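Visitor: If you want the building blocks of each chain, they are given just below.
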Amino acid sequence: MEHRTGRRGTVVFLAVAVGVLVAATALFVVLYVQKQTDIGKVSDQIGTSEVSLADRTTRLARAKSAVADLDTERTQLNTTNTKLRSCSDAARNSVAAAQRSDKTAFEAAMAKAFIHCRR
Amino acid sequence: MNTLRYEMNSNPYGPAPAFQPPLVPPPAPVRNSRTAVTTLIVLASLLLVSTGVFVTLFLMASNDHIDTVARLDNRQQELTEMDGRLASAEAARKQADERNTRLKASNATMSSCVKAMQHYLWDGLADEQRTAAARDLLTKCR
Chain R
187 MEHRTGRRGT
197 VVFLAVAVGV
207 LVAATALFVV
217 LYVQKQTDIG
227 KVSDQIGTSE
237 VSLADRTTRL
247 ARAKSAVADL
257 DTERTQLNTT
267 NTKLRSCSDA
277 ARNSVAAAQR
287 SDKTAFEAAM
297 AKAFIHCRR
Chain W
21 MNTLRYEMNS
31 NPYGPAPAFQ
41 PPLVPPPAPV
51 RNSRTAVTTL
61 IVLASLLLVS
71 TGVFVTLFLM
81 ASNDHIDTVA
91 RLDNRQQELT
101 EMDGRLASAE
111 AARKQADERN
121 TRLKASNATM
131 SSCVKAMQHY
141 LWDGLADEQR
151 TAAARDLLTK
161 CR
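Heads up: the sequence lines are chains R and W, in that order.
Just remember that our numbering sits 186 ahead of the position in the first sequence, which is counted from 1.
Just remember that our numbering sits 20 ahead of the position in the second sequence, which is counted from 1.
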């Protein structure tokens, strides 16, 4: 009789253990699947970020090369500007002197114009 | 004599009875409960293993998740930094563009005056043409 009660206790204990283990397995399966889903989402976000990053890198390179081109152009424009300014300043001074009827200033300005306004 | 010998050789106890196993009642309930215990032990062992497997998988996935989130943070930080650099590069481009436009405009203005002056000086103009050129100079080199 006592022997039988002990065996029943073992069966009950084992049944409870099986139940607990089924629950634990199910819990960890769910947790694992959830984690994997989360990882998938984060990976997608990483992909999007990397695409944006590549786009920004291209745009940055384009902007930098545009700035370099504009700088080269500016150097040329400055050279032209300096050349034009020396002639234009002399021409303006001569016009201003002629309007003031200042012969000395006009002659000085025209002398400069002869030097700076060569073709 | 002969008959006696014959009788001596024969079994004095008569023919042996056929073997009969002792009548023991089958221990049915005990065997059933033993089978149940064995099944449960096997089941519990399998479940223990599967729980272990999934706990391990979950922990590995957790670590992966942490790594992935760190990578995402890294990318986002790079993106923010890149946005700043891009904005400053665009601003520099705009500024350079404006400066060049201003220079071009100023060059165009001066160029018309310079051309007028060059025409006045070097084209060997006669009286009327010279007066016209001087007037042109007055308007363009003011």
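Hints were generated in silico from the structure; no laboratory data involved.
Careful, some of the hints might be misleading.
Below are the EDC-like pairs computed for lysine to aspartate or glutamate, each with C-alpha atoms no more than 16 Å apart in a straight line [stated by the list, open to error]: (1) R/K250 to W/D147; (2) W/K135 to W/D156; (3) R/K250 to W/D87; (4) R/K227 to W/E110; (5) W/K124 to R/D230; (6) R/K269 to R/D255; (7) R/K221 to W/D117; (8) W/K114 to R/D255; (9) R/K250 to W/D117; (10) W/K114 to R/D257; (11) W/K135 to R/E259; (12) W/K114 to R/D275; (13) R/K227 to W/D93; (14) W/K160 to R/E259; (15) W/K124 to R/D241.
Since we're looking at a predicted model, the values are computed, not measured.
Visitor: Against the structure, test the hints numbered earlier, and report the numbers of the ones violated in rising order.
Guide: 1, 3, 4, 5, 6, 7, 11, 12, 14, 15
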